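Those protein sequence lines, which keep their order, are chains H and V. Heads up: the first sequence runs through residues 0 to 316, numbered per the working numbering. Heads up: the second sequence runs through residues 765 to 1257, numbered per the working numbering.
These are calculated hints, taken from the structure and not from any lab test. Note that this is a predicted model, so its numbers are computed, not measured. Glycine is no exception: its CB is placed at the ideal position from the N, C-alpha and C atoms. Among the hints, a few may not be true.
Said to hold, decoys possible - Partial list, computed: chain H residues near chain V (C-beta under 8 Å):
id, residue
1, Leu38
2, Gln49
3, Leu50
4, Arg93
5, Phe166
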Amino acid sequence: MTLFVLRRLLGFAVTLLLAAAVIFFLLDLLPGDPAQFILGINATPENVAQLRAQLGLDAPAWQRLFIWIWGMLQGDFGQSYTQNAPVADLIGERLWVTMPLAILAMAIAIVVGLPLGILAARRRGKLLDTGIMVLAQTGIAIPNFWFGMLLALLFAVTLRWLPPGGFTSWSEDPAAAMRALVLPSLALALPQASILARVMRTALVDVQGQDFIRTARAKGMTMGEAVWRHGVRNALLPVLTVLGLQFAYLVAGTIIVENVFYLPGLGRLIFTAISQRDLILVRGATIVLIVAVTATMLVIDLLYALVDPRLREGEQR
Amino acid sequence: MGKTIRVAGLAMALVLGLAGVVYAAPSEIRIGVALEPPVLDPTAGAAEAIDIVVYQNVFEGLTQIDQNGAVQPDLAESWTISADGLTYTFKLQADVTFHDGTSFDADDVKYSFDRIKAPDSLNAHKEFFADIESVTVVDPLTVEIKLAKPSGQFLFDIGRGDAVIVAPESSANNATDPIGTGPFSFVRWDKGSRVVLERYEPYWGKKAALSKATYVFISDTAAMTNALLAGDIDGTNNFSAEALDVFKADPRFKILVGTTEGETLLSTNNKKPPFDNLKVRQAMAHAIDRKALIDGVTYGYGVPIGSHFAPHHPYYVDLTNTYPYDPELSKALLAEAGYPDGFSATLKLPPVAYARIGGQIIASQFAAIGIKLELINVEWAQWLEDVYANHDFDLTIVSHVEPFDIGNYANPNYYFGYDNPDFQALIETLNGTTDEVKRKVLAIEAQTILAQDAVNGYLFELPQIGVWNAKIEGQWQNAPIEGVVLKDVHWVD
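From just these sequences and the hints, can you work out the full model?
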């Protein structure tokens, strides 16, 4: 198990380093100059040159790459070009919105999706199964920004139960912060819950035909007991994979829902930073996302090994 | 299933339990704005979004621009100008304090202008203040500014956001913690979300009616609509014309349509063939149907322009009929210029609706006279580099939102590539003239030259479409300068 973990950790580090270099050079190719953007349409070329020098944009690319990676290893993500503030702080503020939002959406998706999937598998071919699968299909097909707008129209504009968007910081009013996340997390959770329900159902249906279920039945368990005690655990493998991908998506891919609910999340930060050519901020935020995604994958890999001992490769028995 | 229902019920209870209705107190206001400022220091960047939040609210200048575009006293209560037009002596307001409690006096004025003029200054509009020769403190409430040459625009320029008065004690932190002398002081900035201002009680002038103002950043039009309808914001200074219908019939809201300083142009690379040919530019001018364009782009709210000047300005002259819409004449002019079959060109479009939609309409209007346009969408950063800095373009659509920026045409290195010595001399004279009557004559002459030379396609003045709670009054209808000025805004019953 130790070797397995070590190999995964090494892979994690190499992925990060490669990703950092790729991001750095790709963004360097983007047309557009942050200094020109800051100074705008009446700027003189001398002023722009001066600001470029001040921002440290004059150094050759490899040198800037080295300074950047060296800084990050020491926890220094640099200074944002446009916002005049440390990149780490800017990203940190946004994570307080993005992470709770992703976790809440994931929790709703699990709480709603998995039981529905299990239920559908148990009633395979029956009306309930068909009903749940039609619902799930619809849930996947509905774009979440549109569903978000419907939610806002109903719960914020018509009923006025919840705010239509915006965010109050946790330190100022935790209840208001929580209220601000309810509708966006519902909007995000719908397609994820639908996907989970489908994956769970399929996995469980597959498992139900396996020998060990028949053996469990032969031992005298009811079908329900057999599925619950042996089937669900085995069916969780594919579900875990999907969960990992979904969580990564929820951290990185929420920009559209953030726009609909004007939430100060990581997605909007990156979008604005790209359009303003605040490349150091884009790079820092992207690295954080890559860390989040690869770390999720690492955790999922480790969980796999826990759920299925056969996957602990390299272990001597 | 029973379990599922219980879980769903729990979730619902959670939602309902957290729900609450928030009522806005009548002395507070929440304003939706589309763009978040990168910093809150108006002397440190060109972004309009900075002035929207802080201009005349947090920061003040020696002069201020009122809602008609006229210069009014602000931190300078009065001034005298020497006979040669070179020396301005400003008498300052007494008993003014900065929001951190430090007092304001002539030293702060000197500091602010020296800061703009310093060699390492990155003020986005340094050029407006290039003619300031010296700033001298006469006594704590008197400042003398000497110019290298007379300037009719000087009093306006020192009223811009770029020239607000800052204090040496706090100016370094103004980007994130702005300290000014205005009627509102800065409270907090939740990045990505909002900026909160509150009334500054020791303010030297008339106190604001509002006790608190929150700027909420909402870039999406549908989200802005929801926020207005749900009462999460009390108004917005600039709303999209295409989504306005929701509010027209709703008595809870009022719509204020005004003008801005945004001359929307079909900017033309005058140095590059075939656009260096006057006949070609005239042909393009005759091919533009402004009415169709304004209807398509702004739902009819824009005001047509015939030259580079804002229609609300006292010096404005209507030149929209210099080259009236006439496609047949266009074709004839193109043939005369040696392009009987037209030609192909590119049109670079920045990411704003007026450009992207306007580009398609212009392309179809030009296709009718044989000019085939290739539409190229670019981001702002790319536009600034390609078009503005490197002059790598044929045509582009952009709104020039700076007040009184006709002087750009006197710079042959500006991206228009317009090099007319007569016009340059005229602007030189205009800048050096302080007599209002003479200035107006000169400004009209300048507008006329640009219209006749068809330097750019002059399309329309961008409208400002405010949507506000019907019980709010005192907000500016027009935007003669960038800003959402709050000092007169108040609730009525």
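Inset, instruction - Answer holds if the nearest beta-carbon of chain V is closer than 8 Å to that of Arg93 (chain H); otherwise answer violated. - result: OK, holds: Arg93 (chain H) within 8 Å of chain V, min 6 Å.
Inset, instruction - With a cut-off of 8 Å on the beta carbons, see whether Leu50 (chain H) makes it to chain V. - result: Interface hint status for Leu50 (chain H): holds (5 Å vs cutoff 8 Å).
Legend entry - Minimum beta-carbon distance criterion (8 Å), Gln49 (chain H) to chain V: Nearest chain V Cβ about 7 Å off; hint holds.
Legend entry - Minimum beta-carbon distance criterion (8 Å), Phe166 (chain H) to chain V: 5 Å, holds
Inset, instruction - Identify whether the interface hint at Leu38 (chain H) stands, where standing means a beta carbon of chain V within less than 8 Å of its own. - result: OK, holds: Leu38 (chain H) within 8 Å of chain V, min 5 Å.
Checked against the numbered hints above, the structure breaks none of them.
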